[in-house]
Structures are given as structure tokens and as C-alpha cells.
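K.L.:
One-letter residues, chain by chain:
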Amino acid sequence: MSDVADRVRKIVVEHLGVEEDKVTDSASFIDDLGADSLDTVELVMAFEEEFGIEIPDDAAETIQTFGDAVKFISEAQ
Amino acid sequence: MFDLTGKTALVTGASGGIGGAIAKALHGAGATVALSGTRVEPLEALAADLGERAHVLPCNLSDAEAVTALPKQAIEAMGSVDILVNNAGITRDNIFMRMSDDEWQSVLDVNLTSTMRLCKGVIRPMMKARWGRIVNISSIVGATGNPGQANYAASKAGMVGMSKSIAYEVASRGITVNCVAPGFITTAMTDKLDDSQKDAILGQVPMARMGEAEEIAAAVLYLASPEAGYVTGATLHVNGGMAMY
Numbered sequence: 001m002s003d004v005a006d007r008v009r010k011i012v013v014e015h016l017g018v019e020e021d022k023v024t025d026s027a028s029f030i031d032d033l034g035a036d037s038l039d040t041v042e043l044v045m046a047f048e049e050e051f052g053i054e055i056p057d058d059a060a061e062t063i064q065t066f067g068d069a070v071k072f073i074s075e076a077q
Numbered sequence: 001m002f003d004l005t006g007k008t009a010l011v012t013g014a015s016g017g018i019g020g021a022i023a024k025a026l027h028g029a030g031a032t033v034a035l036s037g038t039r040v041e042p043l044e045a046l047a048a049d050l051g052e053r054a055h056v057l058p059c060n061l062s063d064a065e066a067v068t069a070l071p072k073q074a075i076e077a078m079g080s081v082d083i084l085v086n087n088a089g090i091t092r093d094n095i096f097m098r099m100s101d102d103e104w105q106s107v108l109d110v111n112l113t114s115t116m117r118l119c120k121g122v123i124r125p126m127m128k129a130r131w132g133r134i135v136n137i138s139s140i141v142g143a144t145g146n147p148g149q150a151n152y153a154a155s156k157a158g159m160v161g162m163s164k165s166i167a168y169e170v171a172s173r174g175i176t177v178n179c180v181a182p183g184f185i186t187t188a189m190t191d192k193l194d195d196s197q198k199d200a201i202l203g204q205v206p207m208a209r210m211g212e213a214e215e216i217a218a219a220v221l222y223l224a225s226p227e228a229g230y231v232t233g234a235t236l237h238v239n240g241g242m243a244m245y
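Here the protein sequences come in this chain order: A and B. Counted from 1, the first sequence has number 22 at position 22 by our numbering; the numbering is strictly sequential. Counted from 1, the second sequence has number 57 at position 57 by our numbering; the numbering is strictly sequential.
Next up, chain A with everything else stripped away, as it sits in the complex:
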């Protein structure tokens, strides 16, 4: 779990250019981390690549926060 969280955090920090300590479980990509809708699509693409999983569009829409992403990926693996 923590390994997943670290890898997801690294992707988010790199992609959105935010400070690591801002990436908390409840941090919303759009509201708190400054992502636009296209950034969220690209984050999902990056997660898919990093973890070798498929995230369908309807599932992607439920991934709003860093915590959502970690939870989804942990369960998908």
C-alpha cells in the first residue's frame, strides 16, 4: 500500500509540479493541486503505465483525490 502511495505521489508531483507535502489523501487533483481536466486524463494514463493496469473511463471519473487513486490502484493490482 505504501509502495503504491509513494509511486502515485511521485507521478502526481512530477506531473502537476506541486510540493510533495501537499499531496495528502484528501487532496483533490483539481481543487487542491491545480490540475485541469486534461491533466486528470494524463494522470490516469500515467497510472496505467506505471502499474500496468487498465482504468476504464467510468472508473477514472471516480478518482478525484490522491487517496482515491491509491485505493483504486491498490485494489486493481
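Calculated directly from the structure, the hints in this document are not laboratory data. There is no bait here: all hints are sound.
If we take Cβ atoms under 8 angstroms as the criterion, some of the chain B residues that face chain A in the derived model are:
#1 ARG124
#2 MET127
#3 LYS128
#4 GLU169
All figures in this text were calculated on a predicted structure; none of them were measured in a lab. The beta-carbon is built from N, C-alpha and C at its ideal position, and this holds for glycine as well.
We have chain A; now place chain B onto it with these hints.
P.N.:
What follows is chain B alone, placed relative to chain A:
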């Protein structure tokens, strides 16, 4: 002038006059091309004519599954799709009052819905690559309307609105989406017109001649080139002055 060496292009409707000319122009600028269309023989002939860097990918654009598979096949064959040219189109003309649902739907499916699906299929890898060119072949009829072509005109105008919307969304990722709107071009589609119809059309064209497929291809080549990187959401009208925008 325009160098597409190392770039890959998928062209639909490549078995037709304009599509074939577009494929030749992109290939001539150094691109690897995937030729798609329904009729295999002309595609094979064109590929043989082009020689290296040409792939044949037959596809029936009214078959949603086949359309969704096409970008994947193109990426398998060429490694990527840097340039997508949605050129395929059909007509099923009828006066509007007699136009059947089937005549309407089949034209919308092939001309507009397949274009949407192919754009969707290539845009993900283009976003990753931070580079992409989509050129959709619209028509003057999409801007002016034409009696007997409510379905065709709707599909071609729809392409313009869709292209502009996609262009907005992906502009920040180095992807441009533009349209080319041909006027009356010498192709199998316009060969069907009789002399009196042709005379009537030419009377409206300031240049008093039909356009050539190569003249459309040149516009596509420009929009596909690195030099056109600041042009997006545009429609380039190539129509001999028939309608000026």
C-alpha cells in the same frame, strides 16, 4: 519545403482520388503512411506505387468495431500515428422531404461518427507524444449547404464544429486539429455530374475550373507539417474562390 521524415500518417479513404493524392503528398514529404479504405485493390496498387513506407489497412467505416480497431492496427504497423487524415466520405443524396432515416444515418455514421472514433483512438498517444496533427476533410457544402445533400452537409459542418472543440481541448499538448474544405474537385464523385451540372457549377467558380486532388493534398500537407504548429481549429477553404470566408 515541408519535411515529414520520421512521421507516421493514417489516411482514410485512400482508395479515392483526394485520399490517394493526400497519401502521396505526405509520403513524398518523407512520412510513413497507412492507407485505409474499403476497396483493397486500389489501396494495394497505391502502396505498390509508393514503395517503401506504405501500409495497407482496409476498413469499413460503417462498422464501429472495425473503426475502433483501425488506430491500433496503424500503431502496430507503424509504431505511432503522428498524423491522422479523416478523408473518407460517402454521399447518399436525396431531397430532404424524401430523405430516409437510413440515408441520413449512413452518411452521418461514415462521415462524422467514424471521424470522431478515429480522433479518439489517436489522441491518447498524441497527448503522450506532445505532438499530433489531425486534418479532417470537410466540404464547401458544409459551409454553404447544397440542395439534395442535407445529410452530407450536416456531416461536413459537424466535422468543423467537432474539430474546433477538440482543438481547444488539446491545444496545450502540441496537437492541432484543422479542417480542409474542398470545393468542386475532379474525382470519381464529381465525374458522376453531367455537363450541364458541371457548367452550372463552374459558373459559380471565379477560377472557372474544377480543382485537382493535388491541390487539396497540398493544403493537408501544410496543416500536417511542423510549420503549421500555430494553426489550429481552422478550416482551410480550397475552392477556387467559389465561397470566400
